[in-house]
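Peer 1: This is what each chain is made of:
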Amino acid sequence: MTTLSHSLPAAHDSAPVELLRRRLPWALLALLAVAFGLVPWLGNDYWLNAILIPFLVLSLAGLGLNLLTGYTGQTSVGAAGFMAVGAFATYGLLLRVPGLPLPLALAGGGAIAAGVGFLFGIPSNRIKGFYLMVTTLAAQFFLEWVFTKFPWFYNYASSGTISAPRLEVFGHDLHSPTGRYLLTLSCVVLLTWVAVNLVRSQTGRNWMAIRDMDTAAAVIGIPVDRYKRLAFAVSSFYLGVAGALWAFAYLGTASAGSFDINRSFQILFIIIIGGMGSIAGNFVGAAFISLLPLLLNYAGQNLLGGSVDAGQLQNLQKIIFGVLIIAFLIKEPEGLIRLLGNLRERLARWPLRF
Amino acid sequence: MTFFLETLIGGLLAGTMYSLVAIGFVLIYKASGVFNFAQGAMLLFAALTFVSLQEQGLPFALALLLTVAVMALGAIAIERAVLRPLVNRSQITLFMATLGLSFVIEGLAQGLMGAQVRALDLGIDDVPLFIGEVMVSQFDLVAAATAAVLVTVLALLFNSTRIGVSLRAVADDTRAALSVGIDLNRIWQIVWAAAGIVGLVAGLLWGARQGVQFSLSLVVLKALPVLIIGGFTSIGGAIVGGLIVGAAENLAEVYIGAHIGGGITPWFAYVLALAFLYIRPAGLFGERAIERV
Amino acid sequence: MSTVVTAAEPILEVRDISLSFKGVKAINALSFAVRRGEICALIGPNGAGKSSLLNILNGVYRPDSGELVFEAEHFRRIQPLEAARRGIGRTFQNNALFKKMSVLDNLLTGLSRHTRSGFLAQALGLPGARREARAFREQAEGVLEFLELQPWRDVAVGSLAYGLQKRVELGRALIAGPRLLLLDEPMAGMNAEEKQEMSRFVADVNRDLGTTVVLIEHDIQVVMGLSGHVVVLDYGRKVGDGTPAEVQANPEVIAAYLGTVH
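Chains as they are written, first to last, in my numbering: chain A, 690 to 1043; chain B, 232 to 524; chain C, 963 to 1224.
In short, the hints are calculated from the structure, not lab data. Mixed in with the good hints there might be a few duds.
To be verified - Covered stretches of chain A, as calculated for chain C (at least 3 residues, CB under 8 Å):
(1) 874-887
(2) 894-900
(3) 908-918
The C-beta atom is built at its ideal place from N, Cα and C for all residues, glycine as well.
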């Protein structure tokens, strides 16, 4: 019935129907094998603690925000607020429900975050675009306030912080760096798989239609309001899980201040730099955000003879980030992932430059 | 009753400060359709520059003049480097660019001038005055008066001069303005410079009130509820919006906040704005956009 | 649920529809009928209310008075979702396409309201969802083939030539199998060759799929060649209604168009 009128592109989903049968993504499987198998053995604690775990958690947070902002087009600067909900909710569940297994607690924290996200997404049927962003700002400040003012959430600790509860799955203790790394990795892989399914499905298309032109989407029969709220809920679920992981798998101890507006901006930067509307882009963006400060520190200490103090490095980092954001928005609004894609194409065609 | 009046008036006066910040946004928004997130960083930069110059021993007037010059130059640079390349992009993109810009300015500010809190002395004592039985802060009064003067000047400038008319043309329809020969870049430079100066005044006043510190750049976020309530394109709206937000915030903190734990000022204004959005998505004075398919 | 509709009854009747914007009457007591399976052209000078009428027909605007009869069901006002559900498809003057999505994805959005698989099924990639995705994909491939759009299957619509974009929009309206297709200036901005192609596609849709078509068009040649029924609007009133030949000879129509035939 269909004719092949051009050569098959790499991504399977764009191949004509006959070849919809999935081609096994060998590269991806190899990467997963390395991530699950090799890294825990070879990785030292510093790498796991300071680089890989935060990278993974930030990717997950970026993924969550991307679903809402990059795919559905609802800009949000309240990501960290929902992360906070997830963190405190997971904490509360582990604390108050005896014997609740960790995966369920994480899922529960995510679900509660999703519920809160849903509530804050309700205004999206009346309020659009830029104004909606202000709603997310309200969410951010309000949630920060809630988790500071009401001691019930942090079990009346005088410091206002929550600490990692016993992290164990099926009796295996996970509080070592390797354990936390595997926990984080599993969550990220699982949730990324779900996200990929979603964006390739009708749901993802509806979201993107809403992003590109929501009046047209409504007219062709997409229930825009429902999908916007869905985007808020799903996005908040991801952010909630990321928040719980950030607090317990990475920081160890967290408070409302760990999820302030600067964290929201950081997540937004991840998706701008990585590429909005791209799942692979999240990882690229998160890697960038995680690694740049370390690179700068390294450069500052080793190349400039340690003459630059930490505070100045921070400022430099800020400037570089700001400049990069502007540069990306001007030159490559689709982020690093597009730049990398172009590079790859260039390399593939390299002998035949034209 | 006295207490209520005091709270109200205190809120109103604080509101004028919000209005001042909001006006800076309105200026830029009217001319280029951008919500300039960097306004806060510009505020901070202005205040820091002024304070640093004063610390070097420069007299008040000279420091002020130099700061104005620096802000104007900065505005031109911003227009060249950030605005022009992004001329046709969406509002959100522009917002994010200004977000990036705010980081650059903050980094520069703190890198060049240090991060400690500085006291800013404008020579205005914060002495309580009594109007009848109502206690009012002298500083707040002066701030309000300054804001009023500034607003009047701006209003005159933009309504009566040729530049003002050009600005309104640009705000209305950029392409049409271009076709009539209005130099877009000039207009934008002027507007950003004006916004920079407004930012300077606001920065100085805020800095004097709470010390020149990093959190000054977050004051900008408070402007958002003001702009939502008053509309993004009206200076009058910014004033009214600022007053409403200031008063409501103060009253809410005292009368509502006391019952639910206090410290609700960080978010109350936003919730208020949200409520407003439900009723009037375009703000009190703003224009309602009609989307045509 | 709906009454049996015979071939003799019109698929669509516009009865006494009026619409005004801020005091300006865009449509004034308009009435006409469209027979099943015909191509009916709406013509008239700019501002005559044609687009507004189309907006009323698929529910984007609400008329001030009058009613619509679609497939023997009466409507004072129809909601866009309802119109889509009942089989009214639509293209837009300004190309309401999803610019960042590929041609294929744009077509697939046309099937959005036909999705049966739930959110969870899609999220977890369950067999039911996959089957549906495959079925939709086949439908989209069919439309791609029908409209000869395969070479651009994965291209982002925003980067396509204008004429191709219009074709994609037609495809998106078609994929759900509408009974009535409303086309708002489907050939605007096209050169002669592109117009020929588009006319061919519209005629094919009408002939092969049996879809009734109502289109707004300015090019009189196209209108005369393509449609069997022409309705002329001027300042929101009907000034002509009949076959192309009848309408061309109508003095009122000529007066309305004085000097403005493209």
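Peer 1: The structure should be examined with respect to each hint, and the outcome stated for every one.
Peer 2: How the hints compare with the structure:
For the stretch 874-887 of chain A, the stated coverage by chain C holds: 3 residues have a C-beta nearer than 8 Å to a C-beta of that chain, and at least 3 were required. Counting residues of the stretch 894-900 of chain A whose beta carbon lies closer than 8 Å to any beta carbon of chain C gives 5, which reaches the threshold of three, so the coverage claim holds. Closer than 8 Å: that is the beta-carbon criterion, and the stretch 908-918 of chain A has 5 residues meeting it against chain C, so the requirement of 3 holds.
When each numbered hint is compared with the structure, no violation occurs for any of them.
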